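Trainee: Order-wise, the sequence lines are chains A and B. If you read the first sequence in my numbering, its first letter stands for residue 1, the second for the next number, and so on. If you read the second sequence in my numbering, its first letter stands for residue 1, the second for the next number, and so on.
Hints in this document: simulated from the structure, not taken from any laboratory. This one's a predicted model, so the numbers in the text were calculated from it and none came from an experiment. Some hints here could point you the wrong way.
[As the list claims (entries may be wrong)] For lysine to aspartate or glutamate, the following EDC-like pairs were computed, each having C-alpha atoms within a straight-line distance of at most 16 Å: (1) A:Lys29 - B:Glu72; (2) B:Lys55 - B:Asp42; (3) A:Lys544 - A:Asp532; (4) A:Lys29 - B:Glu109; (5) A:Lys205 - A:Asp179; (6) A:Lys29 - B:Asp42.
Here's the letter readout for the chains.
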Amino acid sequence: MSSHDPITLEIIQSSLQAISDEMFVAMRKTAMSAIIYEVLDMGTGITDAQGNLASSGAGIPAFVGVLDKAVQRVLELHDPADIREGDIFATNDPHFGGVTHLNDVVLLMPVFHAGRLIAWTANIAHWNDVGGKVPGSMSTDASEIFQEGVRLPAVKLIDRGQPNRALMEVMKANSRLPDFLEGDMWAGIAAVRIGAKRINELVAKYGVETFLVALDHYMDYGEKVARQALKSLPKGSFSFEEEQDNGLVYRVRVDISDDAFIVDIRDNPDQDVGPNNACRDGAIIAAQMVFKSLTGGDEITNGGTFRPLQVLTRRGSVFDAEERAAFGFYYEVEVRLYDLIWRCLAPHVGGLLPSGHFASICGTVLGGLHPDTGNHYTIVEPQIGGWGAYEGRDGNTAIFSGFHGETYNCPAEVAEARYGVTVDRMTLSDEPGGEGRWRGGKGIKVDYRVRSDGSFLTVGYTRSKFGPWPLAGGVGGSTNYVEVLRKGGGCERHSIVTALRVNEGDVIRVVTANGAGYGDPAERDPEAVRDDIRNGYITAERAKELHGIKT
Amino acid sequence: MMMTDLRRDYFLTRLAPFDPHDESARQVVADAIAEIEGLARDQYLQEDIAADQVKFTRLAKMRYANQEHSVEVLLPDGTVTSELLDQAAREFHEQYEREYTYRLDAPLEFVGLHVIAVAEVGKLTPAILPVTGRTPEVARKSRREIDFALAGKHMSDIYDGDLLEPAMIFGGPAVIETAGSTVVVHPGDRVEIDSYGNLHIELSEGTKA
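With the hints as extra help, turn the sequences into a complete structure.
Mentor: Okay, here's the thing in structure tokens:
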């Protein structure tokens, strides 16, 4: 260690972050689907030769957390002699290191120096349509993974620099949007190749030994930061159980000691016969994100950060589903687990975690024929919603769930041009809920007016029956749901629906929850209440009822 | 800065398929060029710069259909023909592959035009500065200690740059202060002022290393 200058190690670390960012930009600039280039439903990162995250990467945190696990699975499945310079592996299947669902394709490129494997560059992105029983590939009533699209079992998409054309043609032939699939696939290839090239330049500049020491050194530092933070957490055993919208009860137990943070989720329902399952790696990611929130949100994150974390799962349970299970809505299962661990610990960790947020991806898939071009379009969009309040501050309004992190909602202009829908409204939600001494942030209301007959809508929202949970006597938040307002009159409310037919003139209203409040509403600063009334965040009647304030 | 030509950048967005062998697609490009170049000439004319003094560089903003971001490709001078656009398409594929490691066999889209209109204006002629016979000592306004990092701390001469004149020679450690910038002369380096007032600094072996 002592022979390596700490400044150089720091430069290498910062370079790895910059390379992840450059990979991210390359993919954004070349992709063909708005879910990638606008929403940024993607992530990029770099691991060491063994598949440990070398930097915090770029993009959705729950996606960056996939990349290390995918590399480790490729290493398990392939003879080292069969992993060669110029190769790019593809996986999208939880059984083969894909972690999430078939729509999220992971591309992985080994990086070599003088014949020695020294790192991996990787990306993951949501591809709009990978086949399966419904457009957009995610079906709320799929019962087997075979109904959800083409499975890519960690195979070579590129072999020593040569594209595997046969595989590419099979993938295109299975997609309803083959041109987009091809464009997004090559965007991902560009990202990992550009990352590998930059790593080679870095190694050429500083030497391979220094590069490798920098990776190890920084992971050890990540572990040190996490262990230090762990020491200041309350010690003991914490348990919690919570009923879900679908009637199931999820349970968690967290044991925190000076040197370990153990999340036990073995006592949970058997895997779902539908697509509401997570794989073990996915459950680990949910636990990693809460662990990260507790052990230094602004500090570095890498493979070392998570060394004190252990996750105990039961094979065949909803959090460790076995092969053949469908995974289309894995993210709602993982965000539920993430929120469950959060809720379990929030009252005990001295303000580190705010009260509950809308905590659903609120994935909304709307597709059909573009009224202007006649081409098929598919909107795949996560939604923004309200966050929970905490002591001293109101919750954030209209941002993505903690699970989804650094993404953006699609601008109305882009949605209208690309998808041929009209965005009638994009406002904050005016529903009650989330009041407190500090109030939760507001959810949103968005109206999409459909312009062509025979379009379809698929959604899978949670926190639709049981809204976000409050702390310290606050009021719970509102709920997430979709309303379909038919042109001829009539209105249907949905939170889980697949391929619902919608026609020209129908309006799809997306409503997301307000975050939950913190503290007794009667104690809210009267000036803040008057401000809320002026801003339309609360009605005068409700303000009088909850806060005892007259205008 | 005072020596450069006048330059204006014009941007026009005009979405259309980029198909060199389709007449209406070619016309979109030709119309966009005519529109921007006409506008540029008119604007220069209002400043008494004749049309024949204005030179254009035309860049097409292009992408593969369905993409969001575009790449700028040089459009050759001359009338917009199939050959000219074929050449631009080849250039697009090459440039795209250089930047992003691959090319696609997919339709191209014209996103718009970026035109650079440059008008040459009369250049200034640099004049030889008069020599009054002042010595560097006259230009030296003070001395102070300066930390040159690796070269250590040294008492250094501070010069008023406005009082320097051709043929003066002096050595570092020194600092030359002018209204626009401050020039640091390391110990052992040698400064000579040329006929136009430029500073020539000859580095010593120590500074080069």
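Trainee: Run every hint past the structure and note whether it holds.
Mentor: So, going through the hints one by one against the coordinates:
1. As the CA atoms of Lys29 of chain A and Glu72 of chain B are separated by approximately 13 Å, the hinted pair is consistent with the 16 Å bound.
2. Between Lys55 of chain B and Asp42 of chain B the CA atoms are separated by roughly 13 Å; this keeps the pair inside 16 Å, and the hint holds.
3. About 12 Å separates the Cα atoms of Lys544 of chain A and Asp532 of chain A, which keeps this hinted pair within 16 Å; it holds.
4. Between the alpha carbons of Lys29 of chain A and Glu109 of chain B the distance comes to roughly 15 Å, so the proposed pair stays at or under 16 Å and holds.
5. The suggested pairing of Lys205 of chain A with Asp179 of chain A is violated, with an alpha-carbon distance near 39 Å, which exceeds 16 Å.
6. This hinted pair does not check out: Lys29 of chain A and Asp42 of chain B have alpha carbons roughly 35 Å apart, beyond 16 Å.
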